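**Student:** Sequences listed follow chains A and B, in order.
Counting in the numbering used here, the first sequence runs from 90 upward without gaps.
Counting in the numbering used here, the second sequence runs from 2 upward without gaps.
Derived from the structure by calculation, the hints contain no laboratory data.
Note that the coordinates shown come from a computational prediction; the quantities given were computed from them, not determined experimentally.
Heads up, some of the hints might be wrong.
[Said to hold, decoys possible] Under 7 Å between C-beta atoms, here's a sample of chain A residues computed to sit facing chain B:
#	residue
1	Arg110
2	Thr120
3	Gln121
4	Arg122
5	Val124
6	Leu150
7	Gln151
8	Val154
9	Phe164
10	Arg165
11	Gly248
12	Val251
13	Arg260
14	Gln274
[To be verified] Each computed SDA-like pair below joins lysine to any residue, with the alpha-carbon atoms no more than 20 Å apart:
#	chain 1	residue 1	chain 2	residue 2
15	B	Lys355	B	Asn330
16	A	Lys279	B	Leu34
17	B	Lys355	A	Gln125
18	A	Lys279	B	Ala45
19	A	Lys279	B	Gln36
20	A	Lys279	B	Gly35
21	A	Lys279	B	Ser44
22	A	Lys279	A	Arg165
23	B	Lys355	B	Gln334
24	A	Lys279	B	Ala48
25	A	Lys279	A	Asp231
The beta-carbon is built from N, C-alpha and C at its ideal position, and this holds for glycine as well.
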Amino acid sequence: MKLVNSTSGQGTQDALLELARLAGTRDRHATQRLVQEVGPAMLRAVRKVLGHAFIDVEDVLQEAVEGLLLALASFRGECTVLHFACRVAVLTALASRRRASFRAQWTLDAPDAAAASTSPEPSPVEGLSATRRRETLGMLLDELPPAQAEVLVFHCALGFTVEEVASAVGRPAETVRSRLRLAKQALREKIEASSELAEILELKR
Amino acid sequence: MTIGDRQCPDDLLVRGRRQQVSELERRVLDAHLGQCASCRAASALAALFDAVPETLPEDGELLGRVSSRATRKQPIARSWTRTVAVAAAVVLFTGGVAVAWVAVGRRVLEARPAEKVAMAPPARARLSHRAPVSSREIPALAPPVEASPAAPASPEIAPPVVARKRPEPPQSVAVPAPSIELQPTAPGESWPEPLAADRMSAAATRAETIEPAAPRSPSQFLALPERRREDSRYAPPDARSLFAEANAVRRAGELGRAVGLYQRLRRDFPGSAQALLASVSAGELLLRLGDPAGAVAAYDSYLEHASGGALTEEALLGRARCLARLGRNAEEQQTWEDLLHRFPRSAYQPAAVKRLGELRH
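With the sequences and hints as input, model every part of the structure.
**Tutor:** Right, here's the structure in full:
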């Protein structure tokens, strides 16, 4: 497992900050270099939230990068540029997830991420299991309040500690801890209310 | 609420996943997980996230495309001046129209007083008795619709393509960055990039499943769906709306239909900016659908008609990939070299250099 480590951005913080300032003015070269620096982490965050088979990963990443470039103008350097970029990516992906989920309820031809999966599944049974897991993951995230879903993604998907999440989202650590507790509690209640969910998450009671 | 809810060792859980815990900490962690259902649930969720691969082989290319498009955006500093300019133009235009309206109306009334008097009483009479007003009764005001059945309806009343209503998605989620519209209307703005290689092949398979009769040859893609041609209410859309529809169809994964729409855009609106952009998109999709020869033709069309266009890099990249698929190595090498020569700082430079190295050995 490769988690996003907060220290990965510290060593190059100053360099990225200067780069971010230039990119905020749409300096072409700086923008290109910044995307090269933070793009992989943003892509990883988007993919964690959406799933690797989600058909619009590239579009969502593009949206996130554009959002980052726009937001850099007001970036005050309260966290590392890398964390800031990850936050933009996570929020963009969560918003995209919710939009896709909403569309899927109303349209017959909405893209089905599971059906578009490109990874060769070992067997139909395992494939079905993987599909159900992806659907479950999406459902759990969609049903959480956005602020809780955000910290849960940072903590569980990207492997941020509470202090790192607090730095990334610009909130006190206690607030993050509280949101995380509420998110986990909601998660537990959903699992306790559904034996199927417990089975899918391999948490048989 | 379980015992551990208020004192969950969240950071220990993270360090446990990073394999950065001592033996003692591991035992503490296991003991906590044994009694805290919330943390067990979170750990299970984390395991689901971990199942998603960190990187994929095509990530470099994907990031290159994203970077390329991002660097092509207009500087932000200009956006407010553009907004002010548009607002000023709207105000001036509205004012001009109002003045013209008053001036022309006054002139007409002064020139034709008899007609004004003749028209007024019947109209007032009809309204006062609430009689139905038909176009035959006041032909000068309402042209007869029945007289021209072949006249195209306005685009607003054209039948929707999808079977059910597609409502606007909610915008309640607080995203710090504003939502960016990824459907450009002119070259130089951002361009909805075709799908990545791995997703496209799967999406193509899915498109075939949904539409088993989907044509595979580029010439066949030109045919319009029968349902729409037979519909007398169908009105030909303009280039912009057709381009938006094609992009939406592509995003929905209906690649065959999207290619058909892009081809139709090129055929019906050959001089438009959207038709030029459609060439590149059609090329990308044709390549994914297994028609590299058709894709080369589409890319060549763009390179020929959009000299120095915003998507020249993408067109050259796509052309080189098509030629590689076709085994036309000499032309492929020339295309890569052309790409490097014209765009020495291109985001695709690493891929071009690598491929050229392979071709030369």
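**Student:** Please write out, lowest number first, the hints stated earlier that are contradicted by the structure.
**Tutor:** Violated: hints 1, 4, 9, 10, 13, 22.
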